[in-house]
Amino acid sequence: MTVATYYFHIRHADHVVVDFEGSAFPDLTAARQEAIETLRELVRHALMKRGQEIPMGIVIHDERGAWAEEIDIATAIPEIVPRLR
1 MTVATYYFHI
11 RHADHVVVDF
21 EGSAFPDLTA
31 ARQEAIETLR
41 ELVRHALMKR
51 GQEIPMGIVI
61 HDERGAWAEE
71 IDIATAIPEI
81 VPRLR
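Going by our numbering, 48 is the number at position 48 of the sequence shown; the sequence numbering is gapless.
The hints are simulated quantities; they were obtained by calculation from the structure and are not laboratory data. Treat each hint with caution, since some may be false.
To be verified - Pairwise CB distance ranges (calculated): (1) Glu69 to His15: 16 to 24 Å; (2) His45 to Ala74: 27 to 35 Å; (3) Thr75 to Lys49: 20 to 28 Å; (4) Gln52 to Ala74: 16 to 24 Å.
Said to hold, decoys possible - Pairs of lysine to any residue, SDA-like flavour, derived with a Cα cap of 20 Å: (5) Lys49 to Ile77; (6) Lys49 to Ile80; (7) Lys49 to Phe25; (8) Lys49 to Phe20; (9) Lys49 to His12; (10) Lys49 to Ala24; (11) Lys49 to Thr38; (12) Lys49 to Ser23; (13) Lys49 to Ile10; (14) Lys49 to Arg64.
All C-beta atoms in this analysis are idealised placements derived from N, C-alpha and C, irrespective of residue type, glycine included.
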């Protein structure tokens, strides 16, 4: 089975935390699902630690460094969006 490396860059309101290591996935669909779960966990952690900046999304890049997809907080946690408005 062929796998590809995808990079999850964490997008905050005023900066991006770059993923230099990447992770292997069989395809973009699997990477997308993992990005959704990762973003949910990061938001949950930030909310538990009051004062910590809440990530707004994850930008997925492929192994060539090309943009593949972006998962925003509304996609990962649709029920949180009304609270942010």
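Hint check:
1. Glu69 to His15: 16 to 24 Å: Distance hint for Glu69, His15 holds at roughly 20 Å.
2. His45 to Ala74: 27 to 35 Å: At roughly 19 Å between Cβ atoms, Ala74 and His45 fall outside 27 to 35 Å, so the hint is violated.
3. Thr75 to Lys49: 20 to 28 Å: 23 Å, holds
4. Gln52 to Ala74: 16 to 24 Å: 20 Å, holds
5. Lys49 to Ile77: 18 Å, holds
6. Lys49 to Ile80: This hinted pair holds, its Cα atoms lying about 17 Å apart.
7. Lys49 to Phe25: 30 Å, violated
8. Lys49 to Phe20: 25 Å, violated
9. Lys49 to His12: 16 Å, holds
10. Lys49 to Ala24: 30 Å, violated
11. Lys49 to Thr38: 17 Å, holds
12. Lys49 to Ser23: 26 Å, violated
13. Lys49 to Ile10: 18 Å, holds
14. Lys49 to Arg64: 35 Å, violated
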